[in-house]
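There are 2 protein chains.
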Amino acid sequence: MHRRDFLQQAAALAALPVVGSQIRSASARFQSKPLVVNGARLNGWLAQFDGIGRTPGGINRVAYSDADLAGRAFTRELFAQSGLQLRLDAAGNMFARVPGTDASKAPILIGSHVDSVTDGGNYDGPVGSFAAIEVARSLAEQKVRLRHPLEVVVWQNEEGGTIGSKIAVGLLTPADLDKVARSGKTVRDGIGIIGGDVSRLTEAVRKKGDLAGYIELHIEQGGLLEKAGRQIGVVEGIVGLRWFEITITGFANHAGATPMDQRQDAMLAAAKFTVAVNDAIRSETGRQVATVGRLNVTPNTTNVIPGQVVLTVDLRDLDQAKIDRFTARFEQLGRDIGAATSTKFAFTQLVNSAPAISDSRLLTVIESSATALGLSHQRMPSGAGHDAQEVAHIAPMAMIFVPSVGGISHSPREFSRPDDITNGANVLMNAVIAADTVLP
Amino acid sequence: MHRRDFLQQAAALAALPVVGSQIRSASARFQSKPLVVNGARLNGWLAQFDGIGRTPGGINRVAYSDADLAGRAFTRELFAQSGLQLRLDAAGNMFARVPGTDASKAPILIGSHVDSVTDGGNYDGPVGSFAAIEVARSLAEQKVRLRHPLEVVVWQNEEGGTIGSKIAVGLLTPADLDKVARSGKTVRDGIGIIGGDVSRLTEAVRKKGDLAGYIELHIEQGGLLEKAGRQIGVVEGIVGLRWFEITITGFANHAGATPMDQRQDAMLAAAKFTVAVNDAIRSETGRQVATVGRLNVTPNTTNVIPGQVVLTVDLRDLDQAKIDRFTARFEQLGRDIGAATSTKFAFTQLVNSAPAISDSRLLTVIESSATALGLSHQRMPSGAGHDAQEVAHIAPMAMIFVPSVGGISHSPREFSRPDDITNGANVLMNAVIAADTVLP
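As given, the protein sequences belong to chains A and B, one line each in that order.
Residues in the first sequence are numbered from 1 upward in steps of one, following our numbering.
Residues in the second sequence are numbered from 1 upward in steps of one, following our numbering.
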């Protein structure tokens with residue numbers, strides 16, 4: 001394809017004003033036949049990758065483990081065979097850069113991660129990482145050169161708290177370095193293990209203006225797209241998240257000898273609270289979610305009324321004001337239920353991350369690309385956290401989702417169909433082409 | 001006191017028909033001045049005993065531990081200094097026997113246990129054990145001789161499942177021998193450690209008719225007496241108990257990416273069930289109790305919707321029909337909540353013990369004794385299990401309760417006032433005297 005045709009297509013994808021009949025006609029031609037990646041190659045890589053870190057319990061490529069190292073070696077090989085020259089930053093993030101035609105432009109960044117949770121699946125991370133490599137390779141094979149440089153990234157340790165991308169935007173705290181990853185290794189040690197250099201982390205930091213934009217393809221990790229019958233999710237943003245640890249103190253006493261009206265049952269209070277949080281979050285329309293995921297009882301003995309329960313609430317929404325409002329509501333529920341059950345609720349905030357809102361220009365190019373490819377799509381928030389939320393601190397960001405079968409992820413049953421993955425990579429490629437036009 | 005006076009007093013205590021003016025007058029004299037134990041001595045023993053097995057967390061005389069052995073050695077010394085000759089049965093239960101005047105009679109048995117729970121108190125068990133020794137000693141000092149032999153018992157390992165008394169009534173199963181006590185030792189090993197002989201356990205078994213009756217003094221372990229302002233609890237029976245383990249299976253999924261209406265949240269189901277069980281048990285008048293005491297969540301992670309919860313329900317009442325009825329109701333609640341939350345409830349019965357009903361003649365002698373001593377009293381069930389429930393399988397049984405301050409037991413804060421303990425021992429002594437008359 002000639003450079004001029006390509007620019008016309010990009011203008012069409014970006015839904016830019018089209019001027020003149022020649023361009024219109026080019027646009028029409030493109031929309032009937034947009035660029036596509038080599039989907040078989042991409043899915044072949046994923047199938048090969050499935051053998052790395054697979055255990056009876058699921059995929060275990062937890063950050064800094066031997067399986068993670070093997071996964072990174074496989075990925076490095078993909079960079080090499082795709083003609084992409086790998087650069088490791090001090091955090092151990094893998095980068096490759098394809099120069100653009102305009103040396104004054106900051107790069108467009110695409111990518112994801114390849115580490116997994118414990119007993120996870122093969123799609124959360126690798127899909128977006130390998131698709132980014134495939135997009136860079138396909139663009140080169142199809143002789144498409146962007147104005148912006150194109151960078152491909154594979155972030156390290158996403159599952160342990162978006163560690164690699166946090167370092168890249170300068171938001172990793174010294175305390176984070178002492179966090180123990182699921183492999184049992186600290187982030188500090190892990191960085192050395194994967195070839196980074198913890199003493200030079202500041203060199204890995206990118207500032208505002210260093211990136212023209214970031215687009216990440218990822219599996220949905222929920223069932224919205226499947227339920228709605230849509231092929232592509234256009235991610236409006238990554239929800240803000242607040243985690244509470246709530247300690248409910250009652251009084252442990254004999255389960256047989258203590259009449260029902262003389263109890264200070266911390267478990268009963270915890271149960272009432274769990275039900276009330278669920279009722280509250282569902283009492284309003286919207287996509288807000290709240291989950292009691294962790295709950296520990298003391299003394300946790302069949303014949304003793306629980307004296308203490310510690311539980312967590314995970315609260316998420318794209319709207320910060322809604323998160324704040326539900327926070328206040330949950331605290332009020334704790335006071336009310338505490339009073340009703342003669343127990344005491346103490347709230348501690350464990351995590352508080354603000355919503356990351358996608359760039360509207362990037363949302364538009366993603367939608368236009370999906371439409372051009374004939375793919376059904378819808379806007380949606382990401383309920384899960386992603387490296388994109390970190391990049392959002394310094395650059396325009398958006399994400400593309402492909403369906404997860406059964407809405408399952410972080411599970412050995414995690415699965416996305418090869419066609420859906422190819423669709424996602426095609427949208428990514430065309431969105432990059434269009435973004436090249438609309439981003440400064 | 002002369003034997004004849006004593007018998008008259010016994011008749012009065014037993015509320016037997018009084019015939020003739022002479023007996024009436026003796027009865028009147030007795031009722032104004034019933035026999036009493038040496039309360040200072042009894043409470044002195046308890047104060048000394050408090051030093052054995054005391055740790056920062058509470059009393060730890062768990063069965064077969066070094067502290068249990070020390071507690072038993074102390075108790076043995078009390079037998080000796082009280083002129084009671086100790087006999088260890090093959091189970092390691094401690095017995096002493098005071099002959100009666102009628103060699104044809106089976107003995108009246110009194111006693112309790114001296115082992116404790118983990119981090120327990122000094123009153124649950126020792127009060128009744130030492131009071132029994134004190135009663136035997138006081139009767140001897142006051143030259144009172146019963147028609148029946150009087151036996152004092154200190155059962156081994158009550159807290160691990162009324163092990164000693166179960167052996168004594170022939171209800172210990174071979175599997176029970178492999179149970180691990182809180183000391184980490186098996187019952188089998190423990191019996192050897194305390195001087196029993198596991199190969200001769202059948203020799204320890206008592207059959208129906210071997211005992212005329214059994215009376216056990218114990219702390220209440222609940223707050224009923226304190227709340228009602230009563231000094232003595234006359235225990236109508238020991239509640240039947242049913243333990244369920246309920247496995248609730250949902251589906252673990254991402255807490256951020258799974259919409260509220262697409263969840264199979266096992267923790268939410270467990271919470272609804274816990275609240276529903278509480279509502280059900282409180283919806284009827286009566287003293288039935290139900291407790292969710294143990295609850296374990298899988299995977300128990302803040303950001304994962306729980307896929308499985310295993311919880312227990314402890315259900316107790318004096319009425320077997322009521323236990324059966326609530327069992328059915330709880331199972332129905334599981335089905336209903338399972339259907340409403342897209343989860344599955346599976347019930348397993350862990351323990352099922354029938355209520356043990358007290359002997360009406362013994363209840364009467366306890367009440368008459370308390371009245372004669374000027375002590376306020378009320379009938380009540382025992383919500384806690386006791387060795388008496390085992391003895392009930394082979395002999396008429398009743399129990400005497402004294403108040404627990406704050407209703408607290410199985411806790412380092414367990415406390416019963418010395419005066420209340422003396423009151424309880426006095427009721428025990430006079431009840432034994434009266435029982436000697438009413439029991440065949």
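Hints in this document: simulated from the structure, not taken from any laboratory.
Please note: incorrect hints may appear among the correct ones.
The list treats identical chains as one, so a pair stands whether inside a single copy or across any two.
As the list claims (entries may be wrong) - Result set (EDC-like, lysine to aspartate or glutamate): computed pairs, CA atoms no more than 20 Å apart in a straight line:
no.: 1; residue 1: K227; residue 2: D261
no.: 2; residue 1: K322; residue 2: D261
no.: 3; residue 1: K179; residue 2: D189
no.: 4; residue 1: K208; residue 2: D119
no.: 5; residue 1: K322; residue 2: E284
Since this is a predicted model, take the numbers as computed values, not measurements.
With 20 Å as the alpha-carbon cut-off, assign the pair K179 and D189 to within, between, both or neither. This pair counts as within: shortest intra-copy Cα distance 10 Å, inter-copy 45 Å.
First find the shortest C-alpha distance between K322 and D261 inside one copy, then the shortest across copies, and answer within, between, both or neither for a cut-off of 20 Å. between (37 Å within a copy, 19 Å between copies)
My question is about K322 and E284: at a cut-off of 20 Å on alpha-carbon distance, are they close within one copy, between copies, both, or neither? Cα proximity of K322 and E284: one copy only (10 Å, versus 41 Å across).
Within a copy, between copies, both or neither: where do K227 and D261 come within 20 Å Cα-Cα? Only across copies: K227 and D261 sit 11 Å apart there, 46 Å inside one copy, limit 20 Å.
Could you figure out if K208 and D119 sit no more than 20 Å apart (CA to CA) within one copy, between two copies, both or neither? Answer is neither: 36 Å inside a copy and 59 Å across each miss the 20 Å cutoff.
Violated hints amount to a single one, hint 4; each of the other numbered hints is respected by the structure.
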